[in-house]
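Novice: Read off the chains here:
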Amino acid sequence: MIEIKNLHAQVGGIEILKGINLKINAGEVHAIMGPNGSGKSTLAKVIAGHPDYEVTKGEIIYDVNFKKINILELAPEERAREGIFMAFQYPVEIPGVNTSVFLRAAFNEICKHQGAEEMDPIDFDLYIRKKMKLLNMDDKFITRPVNVDFSGGEKKRNEILQMAVLNPRFSVLDETDSGLDIDSMRIVADGVNKLKTKDNATLLITHYQRLLNYIVPDYVHILRHGKIIKSQGKELALEVEEKGYDWLS
Amino acid sequence: MFQTHGIPTVKNEEWKYTSLEPLEKNIFELVKDNKLADRSALFEYCNPQEINIVFVNGIFSADLSNLKNIPSGIIHCPLQEAVAKDLPKIKEFLTKYDPSQKTPFAALNEALNSDGLYIRADQNTACKELIHIVHVTSASRRNSASMPRTLMVLEKSSEATVLESHLSFDDKAVYFANALTDIFLDENATLHYCKSQKESQNAFHIGQTRVWQERNSNFDGFSFMAGGALTRNDLDVVINGEGASANLNALYNMSTTQHVDNHTSVDHRVPNGTSNQLYKGILNQAARGVFNGKIFVRPVAQKTNSYQLNKNLLLGKDCRVDTKPQLEIFADDVKCTHGATIGQLDEDQMFYLQTRCIPSKIARRMLAQGFVDDLFSKIKNESIHHKLDKLVQPSFQALE
Ligand SMILES: Nc1ncnc2c1ncn2[C@@H]1O[C@H](COP(=O)(O)OP(=O)(O)OP(=O)(O)O)[C@@H](O)[C@H]1O
Ligand SMILES: [Mg+2]
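If you read the protein sequences in the order shown, they are chains A and B.
The working numbering puts the first residue of the first sequence at 1, with every later residue one more than the last.
The working numbering puts the first residue of the second sequence at 250, with every later residue one more than the last.
Extracted from the complex, chain B is given alone in its bound form:
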């Protein structure tokens, strides 16, 4: 696919506001080594006591991982092994999607990833512990490429909390991370899933997360995007069972000349589905943000409830955001609302805080933090909350 179509250009509607030219200018090479120089930085971010499944440059590191607390009922193995053994849901899942709809980057990942992760929660398993999947790019090699690949299966009535982190500890490193995550939620399954992206300032991050939901399942998703020179983050949800609900919350927080493009797609294929999207962006300096949110409601999907809101706070004078809802509703008995706002810090709020002795710098920080407060309060897992807060604080402290 990549060979036939090459890298998409801005003429492609899906890439209208995101030019991949800077990506094309570089030549990236897949690396085969999973050594990490800076272990201490890793364990400052990850709690070594928690369940950590660590990949360096896209390759699993047993040495850096902590698998000993994985409860029974949670099965994990290399994806390639799961495919070879034909473990539950593998074939079913990998053939679910129409190959003609596959994005070129998903195809690239599938062709090149050599060490994916298969993780499954068996029926009725309730895993309380956080499962932290870490994709770190080491700085030892210039222009490396990695293909993080995860497939998660939650069997009937199971529940799990997963954080997938993409990061580097060298903020200057130039590399390309092309991530693909598939999530399958069977009947009554609940997944609390957070994707946190804090790649280096010079990295390219292209990621797609596909979620497939059966009857009465819950997807409680959060995306946090703060790193990368160029980020594209797709989250595509298929509501395939009645009564399923999906929450798609996100914060993108960018500065300098960072570019972040978030695409969501929620495909309501059956009646009585619910989806809620709240995407918030804070852009500083000359950062650029894109939000494109698609909601499909198919003719049979009556009584669908679908809500989408994109709010942007522009702090820099050269930053910019393009936001585009895309609703395709073919059923008549549905509730769908959408909205988008783009604004600066409220001057009346600034003045109010200042009249209460608070200097403008701190007032700005308080208001920016207040802007994300409702989002962060949606993250129920304390460990995830704490990690994201630590990642986001420096950007607030830096506000002038």
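The shape of chain A in the complex, shown without the other chains:
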């Protein structure tokens, strides 16, 4: 579904990603672990198309309608419309913009893109309430401005709500488990599992093996100093949990 080839990226003149190679097929779940500052969020943002990060080499090939396209040529909103989603490590607060208005605008952009009819506010309200139930979220969230005065855990849950609403094909979840209490983590993990199909794929960025008990990855990759230094099955996460990262490299 997506293949990252020899990806180099820099920010402010400093190279952060130093040749990433990664291939993810439909139906798979991959996890990325790695020390702080190793470049995990940078990879997520480059995939989503953040303008501050400059790709100096490599490509990201993504399957769209049986065609392969290099998404680096697309604007962030174009990538999103093609089904690429990133849950932010630090979700952004947007004062003055109502959550349900925002979600409907996002959803209708996808409808438009797919040539489907836009959903009116009443139907959308029903649709979103269903999704909120999936994540055990209180109705009050969608009447408030996006992420404003949400607790850390609520923000993370709101990210997964957006994923549920937009129904992406490829999702990168950047430390969605950090800051969640144990019950919330289970709910969020359940939500992610329910969204899983054989046609979509997920890349989980996490520091904790615990999450991977709930969302079981097919592969675990270790990112260090901007490179993937080891890839293996889910048992690698346990090993890292026990021994840290220093034995690798």
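If you're looking for bench data, these hints aren't it; they were derived computationally from the structure.
Note that the structure is a prediction, hence the values are computed from the model and not measured.
Be aware that one or more of the hints could be misleading.
[What the hints assert, rightly or not] The calculated label-pair distances, taken between Cβ atoms and stated as ranges, are:
(1) B:T506 / A:K227: 19 to 29 angstroms
(2) A:K112 / B:D597: 49 to 59 angstroms
(3) B:Y556 / A:D138: 28 to 38 angstroms
[Claimed, not checked] In silico EDC-like cross-links for lysine to aspartate or glutamate, where the CA-CA straight-line distance does not exceed 16 angstroms:
(4) B:K610 / A:E109
(5) B:K552 / B:D567
(6) A:K112 / A:E78
(7) B:K610 / A:E78
(8) A:K234 / A:E28
(9) A:K67 / A:E82
Even for Gly, the Cβ is constructed at its ideal location relative to N, Cα and C.
Keeping the supplied structure of chain A fixed, place chain B with the ligands upon it in accordance with the hints.
Specialist: For chain B with the ligands alone, kept in the frame of chain A given last:
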């Protein structure tokens, strides 16, 4: 006064960031006719079912006004008649201000206006209906001048909602509108007052609103400034009775090379007064904004609560804003805070919206609209809310 001092220059501290040279280059003439070619445009903006008091070129038009729903307890007549008959509060009010403090434009208005409005709410009157005072300049005459003049008196424990609109339906017309509004709030009176300015793109609008507040009165004010080539908008509040509170909220939304200068002054003369100011500006292209906010707290005005915030969103690369708080606090037991921000659209917010499929153009629009959301939510009257929203939407739709 105008003759002795002439038009103020930028050397005058009060006019530091606003040059009146473009105004001086034109010769304006007072017009005597109150005909309006485009009635339909007027009634698209004003709801003909509502109470409308319409002035064309500064002259009252009975034909365009709707006075039939004015409730008893609301008295109105030409200001000149009110002065001649010495109606309540007239003399008292017109002599309240120190003549040496009078601005040259207020003096000009007083000297030249021929058809002002006197409107009064009698004691204990609660007027629920919106009273819409409309000052429209017709495009039939080039370089016309008008002197809109309103004096509002709210007697003890009365309440009213007033919208004063200044506009033209020809966006190219060159004219000069020099407005002066006086508001007197007696004990326990509450006024919800909005001034909406959407003059032509080539107009000069100079306006001053003076508010005088007695004990426990409430002034709930909103200024909306979106038109005019050059706008100067002064709002001066005197808190003269204990427990009075004033809310001064404003949105100025300008583009092209429009220039808007907002001055506020809140004079706390007695203890236990409250004032809150929130002035927000959205400037696009090469527009220019000025905010100057004065707060005086006199030595006796202990326990004053005064808050001022000016926030600016700059969308164009050639726009500019000058903001200047001016606090003169002579009492020691007071709470006064002030702040100002000038910023562009937040890049992280833009990126966040884009990653959710929203194109940058719409994202910009959403964020600009979000910027004014808290301000607009302060407008409780639905009809005013609706009218301002209609005036502001085109500028959001036009964001690239
Ligand atoms: N916009 C930026 N400007 C300058 N440096 C940046 C920027 N973004 C990231 N970096 C740097 O790039 C490196 C990688 O950051 P990144 O956020 O990708 O790490 P991470 O692996 O996600 O870490 P963590 O586990 O702490 O979330 C860090 O050294 C960081 O300081
Ligand atoms: Mg990170």
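Novice: Evaluate each hint against the coordinates.
Specialist: Taking the hints in turn, this is what the structure says about them:
no. : hint                                : in the structure
1   : B:T506 / A:K227: 19 to 29 angstroms : violated (53 angstroms)
2   : A:K112 / B:D597: 49 to 59 angstroms : violated (25 angstroms)
3   : B:Y556 / A:D138: 28 to 38 angstroms : holds (32 angstroms)
4   : B:K610 / A:E109                     : holds (13 angstroms)
5   : B:K552 / B:D567                     : violated (43 angstroms)
6   : A:K112 / A:E78                      : holds (12 angstroms)
7   : B:K610 / A:E78                      : holds (13 angstroms)
8   : A:K234 / A:E28                      : holds (12 angstroms)
9   : A:K67 / A:E82                       : holds (12 angstroms)
Comparing the model with each numbered hint stated earlier shows that hints 1, 2 and 5 do not hold.
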